[in-house]
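There are 2 protein chains.
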Amino acid sequence: MPIFQYTLLATDGHARRGVFSTPHGDIQMPAFAPVGTQATVKTLTPDEVRMVGADLILANTYHLYLRPGAERIARFGGLHRFMGWDGPILTDSGGFQVFSLSDLRQVDADGVTFKSHLDGSYHRFTPEKVMAIQAQLGADIIMAFDECPDPLDRAYNEEALARTHAWALRCAESQQRPEDQALFGIVQGGIFPDLRLESVAFLTNLDLPGYAIGGLAVGETKAQMYATLDIVTPALPADRPRYLMGVGAPDDILEAVARGVDLFDCVLPTRIARNGAIFTRHGRKNLRNARFADEQGPLEEGCTCYTCQRFSAGYVHHLIKAKEILGLRLTTLHNLHFLETLMREIREHIEAGDFLAFKEAFLSDYLQQSS
Amino acid sequence: MPIFQYTLLATDGHARRGVFSTPHGDIQMPAFAPVGTQATVKTLTPDEVRMVGADLILANTYHLYLRPGAERIARFGGLHRFMGWDGPILTDSGGFQVFSLSDLRQVDADGVTFKSHLDGSYHRFTPEKVMAIQAQLGADIIMAFDECPDPLDRAYNEEALARTHAWALRCAESQQRPEDQALFGIVQGGIFPDLRLESVAFLTNLDLPGYAIGGLAVGETKAQMYATLDIVTPALPADRPRYLMGVGAPDDILEAVARGVDLFDCVLPTRIARNGAIFTRHGRKNLRNARFADEQGPLEEGCTCYTCQRFSAGYVHHLIKAKEILGLRLTTLHNLHFLETLMREIREHIEAGDFLAFKEAFLSDYLQQSS
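Those protein sequence lines, which keep their order, are chains A and B. My numbering applies: residue 178 is where the first sequence begins, and numbers increase by one. My numbering applies: residue 178 is where the second sequence begins, and numbers increase by one.
Bear in mind the hints are in silico, worked out from the structure with no lab data behind them. Honestly, I wouldn't trust all of these hints.
Repeated chains share a single entry, so a pair holds when one copy, or any two copies, can fit it.
Keeping only pairs whose Cα atoms sit at most 27 angstroms apart, straight-line, the calculated DSSO-like set for lysine-lysine is [as the list claims (entries may be wrong)]:
no.	residue 1	residue 2
1	K292	K498
2	K292	K219
3	K462	K498
4	K498	K306
5	K498	K219
6	K462	K399
7	K292	K500
8	K219	K462
9	K500	K219
10	K306	K292
Given the sequences, and given the hints that come with them, work out the whole structure.
As structure tokens, this is what we get:
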């Protein structure tokens, strides 16, 4: 299969079952990418990330640029060798982090000046700089530098969209390693259909190997998010993967797949795990709850993850209450296994042509209760 | 092999190569037991503890009694099933923790009243209570309730030793499961030869399946510790294992094995690991040091541990600096692998009859430098 080829294997309604090929292997889609912000999926080894069923890892350009530094990672032979993960990697552009994490930022037409959240030092990202950094990191999929405004603010979205488009063009023109890095453009435009369609038109004109939908799951309602997907995905080319950034709740994934999305990433499963919260087929539960203290069964009956095969919910409850690191590992493994299993089932049901029935049955159990 | 049998396989000077049999398998001695205070060797799964080469885990009675509670662990089928470790387990008596961790304590002839370090609640340990708790936990080796005084304070040692002996007798008389739990007595007496020999005489008269040497590595010099071992170990019966509590520095282990000690436990390898410090053949090093930032080789050249086989020192340095949990796991694995490998080599060299030469060569490298 040629590199960066999206092959559509089956459709079911708008839902798509496909494969995206990269220099470090295929990504079975729809796919969920665990987040490894600082070149590690928090608490896990690469072997464990593979074990839970993930094909692709996301790493954060902003964090790695600041520490340990992109040049250093390049000296180690790139991110794959540095972190010991030989599968596909995606790096984001740093845009979202610059706008959400850094203490101070100044945006102009050329780029963004910001203050490091680590030591207060000043830095500047431009499209060309971000392309150079991502070339040093060496991920298989890299993202165009974009601005991520409040999705409900029309005026700000109009202004930011002009920059995002100009920067996407400069990213495409300055990309250093097109032969082994796929540059994805990021569709912005908030909840405004005309802006979203304008963004799709501009970016697809650049003929990029994939497209992301950015600026969602950051303040709008779920209905607004789904309505935006209804506008955007049909306008995107069918032969390129569609990546909904920052979304990882099971119900959102199912609704987005139903609207033609192929790829997701989110800190949700790993972040809530470190707070003791776990995904189950009957909604999210929190293991810190005292009712788990004497539970001799697994976190979830029937679950095939390492945690549920080896330990009781009562033991993991104890570890979490006692602030033991093993507890964070075990809930993280469970949550990622849960999501990757969901993605596998989604793929199987699209192939079988009964995805919508699967989705309804899953949501009926999942949304009925949480504790 | 009958249960709780110590079989001497070889001697080399005073150093002993033996096997101690328990209901959950044999312990190859000299042995080092990683500490799993709260029913987990910090950061690791039981599979990983097995992988680094440990036969035996130590767990803390004081901590488990307070949380999650010994009765609860009994309902889970005991500590082995609760924590998912099917090898031998040793529980301490809680004596050391009551005297070092609890906020307030009152000692009388019958026992100790203390305040929980978790919630300030009051509790009372007596020899009978500690035997009942350790029966509920269900470890293979259990320890007599003792008092651990300042090893340099003669008057306090005399007074405490009388209690420790009276309590050891009450432990032996009230032990609930002698058929599947071996009760070890603890020799006390500080740095005072006459008190130590009095303690050995009293405890060996109880004819217990093993003897520990307590009250060392808590304030005396290394020379005083070694001199105390020179007095105590020759007086202990040759057909019972000798356990030096709380010692885990490689040089101390080698010196103690040379004096006839068979078993060790210590938080040192796991505790320093979580601070970024690692054992190497050339002494302790701290991975936080900036000189490791660009080190593409392993933590230690030639090391066969999982960490060194899979990751660079530079990557682990990055994880530690970035406060990533994976970093703590990887240094913990390395340090325990280092110590368990040392124990294996000690056993091999006692069998080969060249233990003293091995010890001198090891110490010559190990003590020459640290950073």
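Okay, the hints, checked on the actual structure:
no.	hint	verdict
1	K292 to K498	between (36 angstroms within a copy, 20 angstroms between copies)
2	K292 to K219	within (25 angstroms within a copy, 36 angstroms between copies)
3	K462 to K498	within (15 angstroms within a copy, 32 angstroms between copies)
4	K498 to K306	between (44 angstroms within a copy, 25 angstroms between copies)
5	K498 to K219	both (19 angstroms within a copy, 14 angstroms between copies)
6	K462 to K399	within (21 angstroms within a copy, 51 angstroms between copies)
7	K292 to K500	between (33 angstroms within a copy, 21 angstroms between copies)
8	K219 to K462	both (20 angstroms within a copy, 25 angstroms between copies)
9	K500 to K219	both (16 angstroms within a copy, 10 angstroms between copies)
10	K306 to K292	within (16 angstroms within a copy, 59 angstroms between copies)
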